[in-house]
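Participant: One letter stands for each residue in the lines below.
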Amino acid sequence: MPATLSPSEAPPVTSTGGGDFVTLPPVQGGDWHNPGGDRVVQRYKLGVWIGMGGILMFFAALTSAMIVRQGLSGDWVPVAVPPVLYVSTLVLLVSSFTVERARREAVAGNMEGLRRWMNLSAGVGLAFLAGQLMGWQELAERGLYVASNPANSFYYLLTAGHALHLLGGIAVMGYVWVRIRASRPWPTRLAVVEATALYWHFLDVLWIYILGLLVFWR
Amino acid sequence: MTEVQPSKEVAEYTEVHRHPEPKSFLWKYIFSVDHKVIGIQYLLLAVVAVFVGMALSLLVRLRLVCPECSYPLLGQFFPVGAPEGVMTPEFYLAMLTMHGTVMVFMVLTTAPQGGFGNYFLPIQIGAADMAFPRLNMLSFWTTFVSFLLLMAAFVVEGGAPMSGWTGYPPLSALPEATLPGIGQDLWLASIAVFCIASLLGALNFIVTTLDLRAKGLTMMRMPLTCWTWFVTAILGLLAFGVLLAAGVLLLMDRNVGTSFFVPAGLVVSDKVIDHSGGSPILWQHLFWFFGHPEVYIAILPGMGVTSHVLSTFARKTVFGYRAMVYAIAAIGGLGFVVWGHHMFVSGMSPYSAFVFSVLTMCIGVPSAIKTFNWIGTMWGGKIRFTSPMLYSIGFVSLFVSGGLSGIFLGQPTVDLYFHDTYFVVAHFHLIMGVAAIFGMFAGLTFWFPKMFGKMMNEPLSKIHFWITFVGVYAIFGPMHYLGMLPHPRRYAEITSVDYLGATGAAELHMFITVAAVLTVLAQFIFLYNFVKSIFAGKECREENPWEATTLEWTIPSPPPHDNFAGKVPHVYRGAYDFALRGAKRDFAMQCNDDKAVYGEPAPQASGD
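Line order of the protein sequences matches chains A and B. Heads up: the first sequence begins at 2 in my numbering, then just goes up one per residue. Heads up: the second sequence begins at 507 in my numbering, then just goes up one per residue.
Keep in mind the hints are simulated off the structure, nothing from the lab. Don't be surprised by glycine CBs; every beta carbon is placed ideally from N, CA and C. Watch out, some of these pointers could steer you wrong.
Under 8 angstroms between C-beta atoms, here's a sample of chain B residues computed to sit facing chain A [to be verified]: (1) Val778; (2) Ser782; (3) Gly784; (4) Pro786.
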């Protein structure tokens, strides 16, 4: 073998040397994914678990900024959490149960049940968001806007950040609803539902954390 | 070739992954979900960005050596920034800012990970695609939107922002302090969108690595390229969320009137600013908590490619594979606890500075392990000096040169002197900029035959290597000396400073500028070689032109739509089995069992 390899002295054709390959049947056209199975469910859920890491870092950064900003100067005026937040927290907890029910319907293969409970969950999620909206309104009525005080800024930021993530979850529920209505073969259905449920529970826990921060770390 | 009926598990494993090959141009090349097309899209984006970034750096260099020179064409494009073709100091800062931003985000972050990682991670682990192909497409197009937002900053009123790629407030937070306009807002929006794109990409890379490896491909049998893409993805996942949060806060400070980063009682242009109680240092903490891991996001994939290429062309296994893996993980982990060394001059407590300094020095250990092992890999090997090999050796050289000055800067007392000088410019360009770029050159020349089924022109690549290698040292070597003078960085005008004249700084600047122009011109050799080779390069239909060992070399060039053409590779050994005693060839591919490597009867099994 020469020390250098110029294109004119292209190396000899080398085969893979008798490796072990498994031949699969030809790809079926049509739907996006071919029939899945537990493997896909696990993969989607792993995706959500990893995604949680990124989302947590986002909120960790906001938390650390909040704590640092609080200690920086004397302009921090704690904001009393609007009572409606406790109601919406209960609503969100309920939605975790409905999502879980939807997931179990999906596992059982009951499309009708899945659709019903998923819709209900999306509805309850929207109710939670309505509660958040009322919370913002109440603050605004007290004259507390985003820039009125750093404490308010963080209140709006944390709640809005969570709300945006929840909207994402509701969007996926809408996607599930559309896919079920289209009634085409959809092998990743269970995976999407399982992932949505996991994500939803995560947002639930995340909200409890944010509420705790707003109530106890004012 | 053994024909085996797939077990149910194996069938499921790949079947879910495959999607039919799209036929229309739009779905095949634009909104493709194929990781190979997306990888090339990322690479093309980076190529466009790198030429934009280089053009900006040339403007910076030209302004430095001749502040009063007029460039009429420039005046036509930027009537405000360069009236009658003469660059204003604000314009200089804007070009500096955009050069850094374009290079760090759109080149160093996209090409090594989004480009090569996308293309080769699935193939090297024996998968048909990424774990979430549509998410992958979304990541690219989100990145593209981010690029457009950034470019839009050039054309809006007031022009591009001038607060540096680090976007330090209060300059970045106060529209009153700069030319009026939304350039900085576009910049922040671009960064925020880029964060989202990178988070989605990171998620995809991690799941792909964990979940889609072929049978027999344990983590400790993965090519080091896959390890670096994997660790880089973890860094991205944990770092970009923080930058996103910081970016949102800064956008609010600019537009909503909050006071996260702007202190009270600040007077700008004889007017008191209507903000209270924030701190620019808070931004620095958040930014550098992202910023330091970002440095490793840029350089780690280059390390992986270097290890891979050095082993292949030295015809030796990677020296200390496990140590290399642990070093990659250690560099990634330590990267999260050293951000304070960017802030020694921010007035931080000497005790904090000491902690950050000691942790920074700790990174020298895994870095030295890697360098030692690269040399150990080459030592006594039958080296083939191909162009990818040259670029990889260049990488090692630049990594050492840039890393050594890092040891100086990691010490608070020394950094106080050096921090605002060209010494830092020299340091980070060598290690983060140019070394990473050499990793990309190595990757591109190494994988080119696989990606396009053609060879690049070797003599042209080698000419390009030597000009660039000498060129970058000519550019950044003298900057160390400038830093020791000490010559301040970021200043638009240095020609009228007396003490710099006496030390020969002006002449050095001229030398650097000439070297920069020549080096930039040399990049057109590479561009020409790259484009010409795609369309009219020498055909290379062999599966394995470099006699390499990993799975991408077992499939046709260019790879078919689903990579392994309906087959599932089975992996029997580690990624770098070269020069095996008693073997039929001087290398064993990962999918070769002992029978294929040694013939019958199989001697002792080889280690991983």
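Participant: None of the hints should be skipped; say for each whether it holds.
Facilitator: Hints and how they fare:
1. Val778: violated, 15 angstroms
2. Ser782: Holds, about 5 angstroms.
3. Gly784: Because about 7 angstroms separates B:Gly784 from the closest Cβ in chain A, which is inside the 8 angstroms limit, the hint holds.
4. Pro786: B:Pro786 check fails; min Cβ-Cβ to chain A is 11 angstroms, beyond 8 angstroms.
Of the numbered hints stated above, those contradicted by the structure are hints 1 and 4, listed in ascending order.
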